[in-house]
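Asker: Chains as they are written, first to last, in the numbering used here: chain F, 23 to 618; chain G, 30 to 483.
You may find that some hints are simply not true.
To be verified - 30 angstroms max Cα-Cα, derived DSS-like pairs, lysine-lysine:
#, chain 1, residue 1, chain 2, residue 2
1, G, Lys51, F, Lys422
2, F, Lys514, G, Lys162
3, G, Lys51, F, Lys502
4, F, Lys510, G, Lys162
5, F, Lys70, F, Lys88
6, G, Lys162, F, Lys502
Bear in mind the hints are in silico, worked out from the structure with no lab data behind them.
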Amino acid sequence: MSETVTPESDVAPLRKRFLDNPRPALLWLVGALALLVLELGRILGWVKALGTGVKFAVMTTAALPKWVGGNVESAVADTGVLPGRLEPVGELLGSGVVTVLVFGFVVSVFLSLSERRVTRLLRPNMPSYRRLTVERALLTGILTVVSALMVLTPIGGLVESMIGFLTAVLDNISNQAPTLTSREIIPNQGYRSPDGSGWEGTFLGLSPGQSWGVRVAVVYAYAFGWLVWLWRGYNVFREQYRAADWTPRDDTLDRFSGHLWGLFGLVVVFSFVVLALWAPAISTVPLEERSNEPYRFEHQFLDDEDIEGNPLTDGSGDLETVRHGQANLYSVSKGKGQNVGLFSYDDFDRFSPLGTTPSGGDMMTQLAHGARTSLIIALTGLGLATLIALVMALLTAYYKGLVDLLTVVTSDTIVSIPLFLLVMMLSVIFSGSDHPLVTPLDGGLLLAMVFAFAFWPGLWRAIRGPTLQIAEEDWIDAAKSYGQTPSKIMRKHMAPYVVSYTMIYASLLVGSTIIVTAALSFLGLGISEPTPEWGRLISSGQDYITTDSWHVSTVSGIMIVFVVTGFNALGDGIRDAIDPESDIGDGDAAAAGGGG
Amino acid sequence: MSQQIGTERGSTDALVQVRNLKTYYDEGGLFGGQPVRAVDGVTFNIQEGETLGLVGESGCGKSTLGRTLLQLEDATGGEILYDGEDITSYEQDELLSWRRNAQMVFQDPESSLNERMTVGEIVREPLDVHEWKTDGERRQRVQSLLETVGLQREHYYRYPHQFSGGQRQRISIARTLTLNPDFMVLDEPVSALDVSVQAEIINLLEELQAEFGLTYLFIAHDLSVVRHISDRVAVMYLGHIMEIGPTEELFADPSNPYTHALLSAIPLPDPGQERDRITLQGTPPNPRYPPNGCPFSTRCPARIRPSGYQDLDEGVWSQLNTVREVLRERQRADRTIRERIRGSLGWETRFGDMNDTITELFGEFEVPANVQEILDEVARRANENDEEAALTLLNDEFGSVCDGVDEDPEQSDSELQFYTVGSTDRKSYCHRHDSEYREPGPVIEDRSIKEHGE
Chain F
23 MSETVTPESD VAPLRKRFLD NPRPALLWLV GALALLVLEL GRILGWVKAL GTGVKFAVMT
83 TAALPKWVGG NVESAVADTG VLPGRLEPVG ELLGSGVVTV LVFGFVVSVF LSLSERRVTR
143 LLRPNMPSYR RLTVERALLT GILTVVSALM VLTPIGGLVE SMIGFLTAVL DNISNQAPTL
203 TSREIIPNQG YRSPDGSGWE GTFLGLSPGQ SWGVRVAVVY AYAFGWLVWL WRGYNVFREQ
263 YRAADWTPRD DTLDRFSGHL WGLFGLVVVF SFVVLALWAP AISTVPLEER SNEPYRFEHQ
323 FLDDEDIEGN PLTDGSGDLE TVRHGQANLY SVSKGKGQNV GLFSYDDFDR FSPLGTTPSG
383 GDMMTQLAHG ARTSLIIALT GLGLATLIAL VMALLTAYYK GLVDLLTVVT SDTIVSIPLF
443 LLVMMLSVIF SGSDHPLVTP LDGGLLLAMV FAFAFWPGLW RAIRGPTLQI AEEDWIDAAK
503 SYGQTPSKIM RKHMAPYVVS YTMIYASLLV GSTIIVTAAL SFLGLGISEP TPEWGRLISS
563 GQDYITTDSW HVSTVSGIMI VFVVTGFNAL GDGIRDAIDP ESDIGDGDAA AAGGGG
Chain G
30 MSQQIGTERG STDALVQVRN LKTYYDEGGL FGGQPVRAVD GVTFNIQEGE TLGLVGESGC
90 GKSTLGRTLL QLEDATGGEI LYDGEDITSY EQDELLSWRR NAQMVFQDPE SSLNERMTVG
150 EIVREPLDVH EWKTDGERRQ RVQSLLETVG LQREHYYRYP HQFSGGQRQR ISIARTLTLN
210 PDFMVLDEPV SALDVSVQAE IINLLEELQA EFGLTYLFIA HDLSVVRHIS DRVAVMYLGH
270 IMEIGPTEEL FADPSNPYTH ALLSAIPLPD PGQERDRITL QGTPPNPRYP PNGCPFSTRC
330 PARIRPSGYQ DLDEGVWSQL NTVREVLRER QRADRTIRER IRGSLGWETR FGDMNDTITE
390 LFGEFEVPAN VQEILDEVAR RANENDEEAA LTLLNDEFGS VCDGVDEDPE QSDSELQFYT
450 VGSTDRKSYC HRHDSEYREP GPVIEDRSIK EHGE
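Here chain F stands alone, though its shape is the one from the complex (with noise of 0.2 angstroms):
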């Protein structure tokens, strides 16, 4: 234990260390604008996605007290006092309380993260709880007088008007922006010259399919080139600015570098997800051109055969166009003849690389599709329930008591109805009763919350023991003994040990998800038509598998096994790795496996 004082090598805050040494950091992120206008267009669409996602959330928050404020209108008018005065009294009052209380939880939970306090700066020596209590009760007052100006005043209109706007703005940016991997930029629908020289309208004049194939490979070396410019980033603040040489995590980072497994899925699930982000680029046509809306879009191509469909050589062939919902009547797969198979052109020049649907529709089109839809679900999903199973453990585990016992007693209630039929139940009660949260994704988005409600008891039970194992350790009392609030105790030094625990169960899970989901799909209660699903694929070509159009369910059932294995391997490699005690490319590794 060396004693020498060496002031002099204090180390400098990170903005610091920055500005010393501004270089590297620079030119990374020079690169990474660069990668960002390559595909600005589609990242703008994929922000704006995001931010209906959020609108949609926002507004079925915000309706929530007119729901209630109705049904308390109508319990009112039940009651029969003061018919047709008392009622509006009961709706106001409805809504508003539980637009206070809506308030007052969004501002609990911003408040207890943020590191500030507003009030210190006005009155810097009140005691800390009360200004906690001051700033939430003046927060939801500032936040409940704002949305009832928005309400009752014009000033709602013209804020509406301003999101429409800048909407819009947004929009015409990313149709104009350039996209490298657009359908512009690399083409693949296009019809032969009718002179036989080659095709016309495609990339370079390339066969549609050869076009195709070069623009799935740009998508997927655009995407590594993310991965590695980011892995470089990471290394580049390693090397150049972190001030501690060493982290826990760089441990974590080389075991699982060395996780052959865990790397096996991680290769699998950056496919699945590149796959689901770049479902337009991947598809060979646009979903709604060939499946939607078949009858609204049409498509060019060239008609050399004769009546007898005899090929004609001499070059005397005409340019027709078809809709595509016509076309697709010729390129059914259902065996007997009818079929296209892989890699193969149907009649009408259209290339379909997995082959064709029993419907007409393009195979990769709806895989990569039905990709989006898994990977929404299970993300929108196994957050939710991660979410709150990871509060619930910190919660139960550090209050213990009262709170632990009614958890188990609930949890314990969900999981001991069996999964699928609990699902089932769900969505057909919703589907039934015609909820608003049925609309998104034709059932996707509820299948989704019906997911989080059916798997956050698991995730809850598989992270409990840990918890409270963490809440045990001596620097939890340490955080005590100089006040800490218990919020921040959870935060700062529980949940660190916990994330990686949930992390884990939920990839394990997403296999479930999908599996299940799928199943579903196949019963025909999950997802209905049009939004593509792998298991409704694989229900539609459950009779042509003997035939010569084996390839429906056989593709889409080896692409779930294949994704579903991807995401058990990736939790076992997070697993070891996180963890420094397990072996490392011991055979154990799959044991472990098994998300559904």
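Starting from the known structure of chain F, arrange chain G on it as the hints suggest.
Answerer: Here is chain G on its own, set in the frame of chain F:
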């Protein structure tokens, strides 16, 4: 209660005054039942600037006492006066600002530092909580504190993983110092460390005490460390303080029988030197069911015996104690319906036949006829599943003031209390200090001679 010793010398400059403090666990649980009396009515003072050592075997409640003093546990009863104010009655905000004054060093340096945070984040957290000055000043303070405890400024950005046990304990000490506390609870701060490192940490603690004028409550079970660092020592047993007084006097001339027993367990540096080691029989009682009367009465080597049985053999006395423990255990054990039926059919239950137990216990001793008679009656009552009656009989015959039995109802102060012993301000919690009885020291000596022969 006659435990009021609040009139101690110089209670004016006492930093911490503990008055009849009680901390019970599992109170009024879902199914009622007895609480665990971890700390059961403790009264003492800690003077400003002194080190009070707190010793006792594991499970005697010393850690709980330390944690209650810092309000990490809620006190069940009594009060803790800090600078004259009762902190057990503080509101949230008052408690938060009080917490600046009192900090704790934990036993296990592996567990007391959050390994996901850098040393800097760990040490500065108290400053963040109490919103002390600005960011830069907080960092400066933490770095200078790291130097104060013998680490380096650039250790700010290291992780606890990168340090040895002793260094981690230094980090832990630095964290307690950030808020400039006056009072520190040191909960076995060196018992998890290598012996060579222990001395370093002890020296560091002493230096810090001199530099910052700190007041320590030093909890330990290593008596030699306590003797080295403490000004005064309190000896704790089963939630009670048995003896408290200046270190040297207490170690040189213990008063309480429990202190005698505890000190006789210290190994002597000279193996040739003779000393009678007092071996306590049995284990400490379950704190959920403490004995009546003196907490140490079940194992005490100097227990007061009723006048009628003064000549009884030492071995018989110790077996009588065992009988009492067996009866208490039987009384607490739940009898299931199945066992009642088995018992009534004369089959063997896990409770067994009390006659057998007694024969087994007293087989090798010469038991006087009158004692045997009582034992037979005890066994009979116990076999009828009336342990309470058996215990009453046993206590009536062989019990004394130590068991809470009032031999002489005329005399009102049979309640156990603290007696001032020795030349300085020393208190001991034992009936033997009453003028009526002989002092514990000679009694223990006599009995051990009687038992082992000369």
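Asker: Just to be careful, I want the Cα atoms of G:Lys162 and F:Lys502 compared with a cutoff of 30 angstroms; is the pair within it?
Answerer: holds, 21 angstroms
Asker: Below or equal to 30 angstroms on CA atoms is what counts here, so check G:Lys51 against F:Lys422.
Answerer: holds, 22 angstroms
Asker: Quickly compare the C-alpha distance for G:Lys51 and F:Lys502 to 30 angstroms and report which way the hint goes.
Answerer: Distance ~21 angstroms between G:Lys51 and F:Lys502 Cα, so the pair holds.
Asker: Sort out whether G:Lys162 lies within 30 angstroms of F:Lys514, counting only the CA atoms.
Answerer: Roughly 22 angstroms separates the two Cα atoms, so the pair holds.
Asker: Would you check the hint for F:Lys70 and F:Lys88, treating anything up to 30 angstroms between C-alpha atoms as holding?
Answerer: Measuring from Cα to Cα gives roughly 27 angstroms; hence the hint holds.
Asker: Does G:Lys162 lie within 30 angstroms of F:Lys510 when you go C-alpha to C-alpha?
Answerer: At roughly 20 angstroms apart (the allowed maximum being 30 angstroms), G:Lys162 and F:Lys510 satisfy the hint.
Against the hints set out earlier in the document, no violation occurs for any number.
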